[in-house]
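Engineer: Here is how the chains run, residue by residue.
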Amino acid sequence: MLEITSLIVIFLNTLIYTVILALISVGLNMVLGVLKILNLSHGVLLAIGAYLSVTFVRSFLSFGLPIYTTYIALGLAGIIAGIFMGFTVEPIILRRIYERVEIQQLLATFALMLILEDVIKLIWGPQSLVIAEPYLYLGNLNIGGISYPLYYVFLMVVGYFILLITYIFLNTTKIGRIIRSTAFDREISLALGVDVKRVYTYAFTIGATLTTLGGSLIAPTLSLQPGFSSEYIVLSFAVVVVGGLGDIKGAFIASLVMALARTITVMVFPELELAIIFIIMLLVLQLRPEGLFKGGR
Amino acid sequence: MVKTAYKCLIIYACLLLFGFFATRHLQYLLSLSLLYSLVAIGLVILIGYGGLVSFGQGAFYAIGAYSVGLLLKYYGFQNAEILLVLGVLITTLISFLIGLLAARTRKLAFAMITVAFSMIIYTLLVKFYHITGGTDGLRIPAVKLFGILPVRGRDLFMSMSNEYFIIITIFTIILYITEHVINSPLSYALRAVKDAELKAVSLGISPTRVYILAFTYAGFLAGIAGTLYAFLNAHIDPLIAFWTTSGEFVFITILGGITSIYGVFLASILYLFLKTYLIVYTAYYWQFVIGFVILLLILLAPKGLSGIIFKVYIGRKVFRKS
Numbered sequence: 001m002l003e004i005t006s007l008i009v010i011f012l013n014t015l016i017y018t019v020i021l022a023l024i025s026v027g028l029n030m031v032l033g034v035l036k037i038l039n040l041s042h043g044v045l046l047a048i049g050a051y052l053s054v055t056f057v058r059s060f061l062s063f064g065l066p067i068y069t070t071y072i073a074l075g076l077a078g079i080i081a082g083i084f085m086g087f088t089v090e091p092i093i094l095r096r097i098y099e100r101v102e103i104q105q106l107l108a109t110f111a112l113m114l115i116l117e118d119v120i121k122l123i124w125g126p127q128s129l130v131i132a133e134p135y136l137y138l139g140n141l142n143i144g145g146i147s148y149p150l151y152y153v154f155l156m157v158v159g160y161f162i163l164l165i166t167y168i169f170l171n172t173t174k175i176g177r178i179i180r181s182t183a184f185d186r187e188i189s190l191a192l193g194v195d196v197k198r199v200y201t202y203a204f205t206i207g208a209t210l211t212t213l214g215g216s217l218i219a220p221t222l223s224l225q226p227g228f229s230s231e232y233i234v235l236s237f238a239v240v241v242v243g244g245l246g247d248i249k250g251a252f253i254a255s256l257v258m259a260l261a262r263t264i265t266v267m268v269f270p271e272l273e274l275a276i277i278f279i280i281m282l283l284v285l286q287l288r289p290e291g292l293f294k295g296g297r
Numbered sequence: 001m002v003k004t005a006y007k008c009l010i011i012y013a014c015l016l017l018f019g020f021f022a023t024r025h026l027q028y029l030l031s032l033s034l035l036y037s038l039v040a041i042g043l044v045i046l047i048g049y050g051g052l053v054s055f056g057q058g059a060f061y062a063i064g065a066y067s068v069g070l071l072l073k074y075y076g077f078q079n080a081e082i083l084l085v086l087g088v089l090i091t092t093l094i095s096f097l098i099g100l101l102a103a104r105t106r107k108l109a110f111a112m113i114t115v116a117f118s119m120i121i122y123t124l125l126v127k128f129y130h131i132t133g134g135t136d137g138l139r140i141p142a143v144k145l146f147g148i149l150p151v152r153g154r155d156l157f158m159s160m161s162n163e164y165f166i167i168i169t170i171f172t173i174i175l176y177i178t179e180h181v182i183n184s185p186l187s188y189a190l191r192a193v194k195d196a197e198l199k200a201v202s203l204g205i206s207p208t209r210v211y212i213l214a215f216t217y218a219g220f221l222a223g224i225a226g227t228l229y230a231f232l233n234a235h236i237d238p239l240i241a242f243w244t245t246s247g248e249f250v251f252i253t254i255l256g257g258i259t260s261i262y263g264v265f266l267a268s269i270l271y272l273f274l275k276t277y278l279i280v281y282t283a284y285y286w287q288f289v290i291g292f293v294i295l296l297l298i299l300l301a302p303k304g305l306s307g308i309i310f311k312v313y314i315g316r317k318v319f320r321k322s
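Those sequence lines, one after another, are chains A and B.
Counting with our numbering, you get residues 1 to 297 for the letters of the first sequence.
Counting with our numbering, you get residues 1 to 322 for the letters of the second sequence.
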């Protein structure tokens, strides 16, 4: 029943879904690992990246620039959204709640999510938005009779490239090492002369930028509606839990596992498509309740 | 205990009096806030006394509502009291089973298990649309309670609507029971486990068992609220199982000051009326205002609404429960 072409499609779908999940949850996990806050508003960053890229792509096109420049617009939108959110949200709001009990942190970021979602509606309006130009421009790839949108391949390549750069950045550069050491032990880093406040801002900005870039990459494939991001945030919770809190490599591997489970379930039992992710999450929480949290909180 | 009974009777009398004169819309809003406060009272026991944050109460609310909907649609039960009892039983059973899984975990892991569970319920409700109606939801026809009283309508005294009467009666009974639960050994064991788990264990308390009981009770309350919601609203959709609904419940609990059941009662009324009128006046931007209020409350008044009220008007003496 399974031919080679459908195997290739499964393989591609898995890799693409992995990169989307990984971009969100690596960002979320970075914030969780360094700032020790589970940021419920992280999903909105995805939406902000997506919506800003709508604006950028449209204005690029209205200036009469050729369609291939819209890919630059997507990247620019993601980076600008991430940096802007990073340097406003962390110093203004998150910094005030580090010392609070967990539940107040959760609620504060929940409030932030509500606020940001309505800010999106305020700026871009409540109707759904579509930018299909970058998606349609690349056309389709023909895999043994099945036509596959080439944009997904583009998304995959760029996404993995971003993840790779992040990995190299965290492991080889000085700032990356400082961020990791702060995540590992805040007090010791403070004692060694690390400006922890600034590291928090940087870590949040990097995490936010990864997610906004993810948002701008998936924007052309979706019809954007207010609130579409609250589904992605719970998906990334699942990934973060399965991969281990604060563990960035774990988040990537977990994204792969989740994506594989999802694509297989879509083929076998489509009704359980999303439920399977949360079932895995529940099982992992049951079977390794403490082990997963090692190194995190 | 007599004092508790008087307190509940006074509240019941006030609610009845309100029902005689208020418009049907106001009665609907108040009924809905009573249902929200039922869920939030369960969370008071879980969060306030047990220290466990559940982001999955929306799932139990939805299970209660959907058991009514599905039993009506597929098995043709026409008696509201049977539907109510079955809905609550199913929800309590499921919350007991989830409690078995969740009670071993604490803090963030516990919150995550409840999120996972509520998202499983949500996705199942959405994806099995040939059974559950998917995102369109289910319509609930007006069935009769004890064969005489329709669950929706205006057959009662003055402007009192049936659904409002049923809901305030059940709410008052639950309030009375919950007062007893809060003064029971279970609640003291729960507080002991929250404050010092190891010490509680050495005194012979089993934290897992206590947490399972508390979780089941919270699920039981959410189940009652859910089944009544199905009767009240005539239409149910899967969004009530989404994690943001559970977030609303947690917010109401914290707004009410996490340890006070009368605090969450006031908080849910305030929250729902605020939300409804914000939707009326600002259309799309009610979340902005609510989020802004939550943020300000957290940054400026970490003890919640009852914390402010008691600090400002009544003083410390009355506020001894926390």
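Be a bit skeptical, because a hint or two may be false.
[What the hints assert, rightly or not] Derived BS3-like pairs: lysine-lysine, alpha-carbon spacing no greater than 30 Å straight-line: (1) A:K249 to B:K73; (2) B:K7 to B:K73; (3) B:K7 to B:K107; (4) B:K107 to B:K194; (5) A:K36 to A:K249; (6) A:K121 to B:K199; (7) A:K197 to A:K174; (8) B:K144 to B:K73; (9) A:K36 to B:K194; (10) B:K107 to A:K197; (11) A:K249 to A:K121; (12) A:K36 to B:K73; (13) A:K249 to A:K197; (14) B:K127 to B:K7; (15) B:K3 to B:K194; (16) B:K199 to B:K7; (17) A:K36 to B:K144; (18) A:K174 to A:K36; (19) A:K121 to B:K275; (20) A:K174 to A:K249.
These are calculated hints, taken from the structure and not from any lab test.
Engineer: Just pull the numbers of the violated hints for me, sorted ascending.
Structural biologist: Hints 1, 2, 3, 6, 11, 12, 14, 16, 17 not satisfied by this model.
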